[in-house]
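K.L.:
Since chain L is already given, all that's left is putting chain D on it; use the hints.
Protein chains in written order, with this note's numbering: chain L, 1 to 260; chain D, 1 to 222.
Mixed in with the good hints, there may be bad ones.
[Unchecked claim] Here are the simulated distance ranges between beta carbons: (1) S161(D) <-> N68(L): 28 to 36 Å; (2) L73(D) <-> A70(L): 14 to 22 Å; (3) L90(D) <-> G131(L): 56 to 64 Å; (4) N128(L) <-> G89(D): 46 to 54 Å; (5) T193(L) <-> I84(D): 17 to 25 Å; (6) S46(L) <-> S52(D): 51 to 59 Å; (7) Y241(L) <-> L90(D): 43 to 51 Å; (8) K63(L) <-> Y195(D): 27 to 35 Å.
[Stated by the list, open to error] List of simulated lysine-lysine pairs, DSS-like, C-alpha gap at most 25 Å: (9) K164(D) <-> K160(L); (10) K20(D) <-> K160(L); (11) K20(D) <-> K98(L).
Since the hints were made in silico from the structure, they are not lab data.
Even glycine gets a Cβ: it sits at the ideal position worked out from N, Cα and C.
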Amino acid sequence: MLLKSFMSFVLLFALNPVFANAKPLRVGMELQYPPFEMSTKDGTPSGISVDLAKALGKYLGRKVIIENIAWDGLIPSLKTKKIDIIISSMTITNERKKVIDFSIPYAQANLSILTNPTSGVKSVKDLNQKGRVIAVKKGTTGNIYAMEHLKKAKLLILDKESSAVLEVIQKRADAFIYDQLTVYRDWEHHKKTTVALLKPITKKPGYWGIALRQNEPKLKKKINAFIKKAKSDGTFDKLAYKYLKNIKKTFIRLNIPFFF
Amino acid sequence: MFMGTQYNFNWGSIYEYKQKFIDGFLTTIYISFFSLILSFFIGLFFAYGQNSKLILLRFFSRFYIETIRGTPLLVQILIFFYVIAANLGLDNRYIAGVLILSLFSGAYISEIIRAAIHSIPQEQYETGLSLGFTIFQTYRYIIFPQAYKRIIPPLTGQFASIIKDSSLLSIISVNEFTMNAQEVNSYTFSTLESYIPLAIGYLLLTYPISLWSRKLEKKMKD
Numbered sequence: 001m002l003l004k005s006f007m008s009f010v011l012l013f014a015l016n017p018v019f020a021n022a023k024p025l026r027v028g029m030e031l032q033y034p035p036f037e038m039s040t041k042d043g044t045p046s047g048i049s050v051d052l053a054k055a056l057g058k059y060l061g062r063k064v065i066i067e068n069i070a071w072d073g074l075i076p077s078l079k080t081k082k083i084d085i086i087i088s089s090m091t092i093t094n095e096r097k098k099v100i101d102f103s104i105p106y107a108q109a110n111l112s113i114l115t116n117p118t119s120g121v122k123s124v125k126d127l128n129q130k131g132r133v134i135a136v137k138k139g140t141t142g143n144i145y146a147m148e149h150l151k152k153a154k155l156l157i158l159d160k161e162s163s164a165v166l167e168v169i170q171k172r173a174d175a176f177i178y179d180q181l182t183v184y185r186d187w188e189h190h191k192k193t194t195v196a197l198l199k200p201i202t203k204k205p206g207y208w209g210i211a212l213r214q215n216e217p218k219l220k221k222k223i224n225a226f227i228k229k230a231k232s233d234g235t236f237d238k239l240a241y242k243y244l245k246n247i248k249k250t251f252i253r254l255n256i257p258f259f260f
Numbered sequence: 001m002f003m004g005t006q007y008n009f010n011w012g013s014i015y016e017y018k019q020k021f022i023d024g025f026l027t028t029i030y031i032s033f034f035s036l037i038l039s040f041f042i043g044l045f046f047a048y049g050q051n052s053k054l055i056l057l058r059f060f061s062r063f064y065i066e067t068i069r070g071t072p073l074l075v076q077i078l079i080f081f082y083v084i085a086a087n088l089g090l091d092n093r094y095i096a097g098v099l100i101l102s103l104f105s106g107a108y109i110s111e112i113i114r115a116a117i118h119s120i121p122q123e124q125y126e127t128g129l130s131l132g133f134t135i136f137q138t139y140r141y142i143i144f145p146q147a148y149k150r151i152i153p154p155l156t157g158q159f160a161s162i163i164k165d166s167s168l169l170s171i172i173s174v175n176e177f178t179m180n181a182q183e184v185n186s187y188t189f190s191t192l193e194s195y196i197p198l199a200i201g202y203l204l205l206t207y208p209i210s211l212w213s214r215k216l217e218k219k220m221k222d
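If we strip away everything but chain L, and leave its shape as in the complex, we get (with noise of 0.2 Å):
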């Protein structure tokens, strides 16, 4: 009897095409952008990268471990091999390149601009001068920006992107350079403080890419298609609908590039 249920025990696991590979895959992220990675109340991560994470294992056949981690130590971790892979709205830039492997863009973001009203900022022109000082989340694709782009100004690297509202707000920085969906969440937080200028700064947007190591083209492959398998079956579509259905009406009605 007991060697009988246990065997079913055994079976059951072998013929679960999820639990067939035995390896795990560990998807890091920060648990910190809604509705893209959050977690509910009781700390259980979810969120559109969540979702995505786990339609990629399904897709793998193998089973999925979230692990939240800050954001500058996500590609260390990844270089460490202390996870497998990052999905974490991360934007594919040259300098994340030269560490990290990205597979093709899944969704695209604009970097924009939250300020204060007596800052005068009107557009990114304004902020290139001696004298401003330009609040960032260190590591981000605006901090990337800010340093390359906005040379004369200062900056102010800061590890929250509550810390950097509150500078804009408090005017101690004339401005916080964000992607647009951060930066019209943060106004209508503070609709009477702050002001955003939701006009794209770059003339290309910024595409996110699943995050892996160097020289892995076998599961490089695997995830670019599980993206494209993703992108035509309506799996981003239904994400959308299930998290950004407000914020996509906003986005039409300010004429802004919707994530997908």
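P.N.:
Relative to chain L, chain D alone:
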């Protein structure tokens, strides 16, 4: 030790940013130096405050010391900078940084001084008074010379702590040593290459203090 980390070192990418490390190192020295001086005076004042005859000053001193010692420095920095300094219109984050570090360290120094003075036996005060010394003279010629020897060793230890604690100012974007190393890390993604020089840099600052402290202790024994 580093074999197990499965890590490819890439020192070249860090070397490009050497100026950032140097700037950060110097900023840490400046901040620590000014905090050191200011915190000593704050400590002295509250050590006096705790023994004061004015009940309000005594209560205030106790309140200050308990609050500072009972809360994390990280929380103090955030509250001081984003609430208190913002309301006072203090926008220079370097001055704010020095102030909060001094307030933090001052609470500990005040306890060091108070403990040293309390450790002098009661008879010595009585002896002083019986010899016709005024209270000021008793402190000046009898109590302080002895308390001094008990203050110096823990005080140097506290100074070494200030240097290390200044690293927490990175959260309000003070460009000190830790902040700059983290920044380089976020550009180059070379974590260990950024943090190993950081550790060595802090050791370079704290080790001489530790040596000096030991030397003083020896001297005090004679």
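K.L.:
A separate judgement is required for each hint: does it hold in the structure or not?
P.N.:
Cross-check of the supplied hints:
Judged by the Cβ atoms, the range 28 to 36 Å given for S161(D) and N68(L) holds: they are separated by roughly 31 Å. Between L73(D) and A70(L) the CB atoms are about 19 Å apart, so this pair conforms to the stated range of 14 to 22 Å. Here the CB-CB span from L90(D) to G131(L) is close to 19 Å, at odds with the stated 56 to 64 Å. The supplied range of 46 to 54 Å is broken by N128(L) and G89(D), whose beta-carbon atoms lie about 27 Å from each other.
For the pair T193(L) and I84(D), the beta carbons lie near 19 Å from each other, so the given range of 17 to 25 Å is met. Range check, S46(L) to S52(D): about 56 Å between beta-carbon atoms, so the 51 to 59 Å window is met. Separation of Y241(L) from L90(D) is about 48 Å and conforms to the stated range, judged on CB atoms against 43 to 51 Å. Look at K63(L) against Y195(D): about 32 Å separates their beta carbons, and that is inside 27 to 35 Å.
Restraint check: the Cα-Cα separation between K164(D) and K160(L) comes to about 22 Å, which is no more than 25 Å; the hinted pair holds. Proximity of K20(D) to K160(L) is assessed by CA-CA distance (about 21 Å); at most 25 Å being required, the pair is judged to hold. Under the criterion of a C-alpha separation no larger than 25 Å, the hint pairing K20(D) with K98(L) is consistent with the structure, at around 21 Å.
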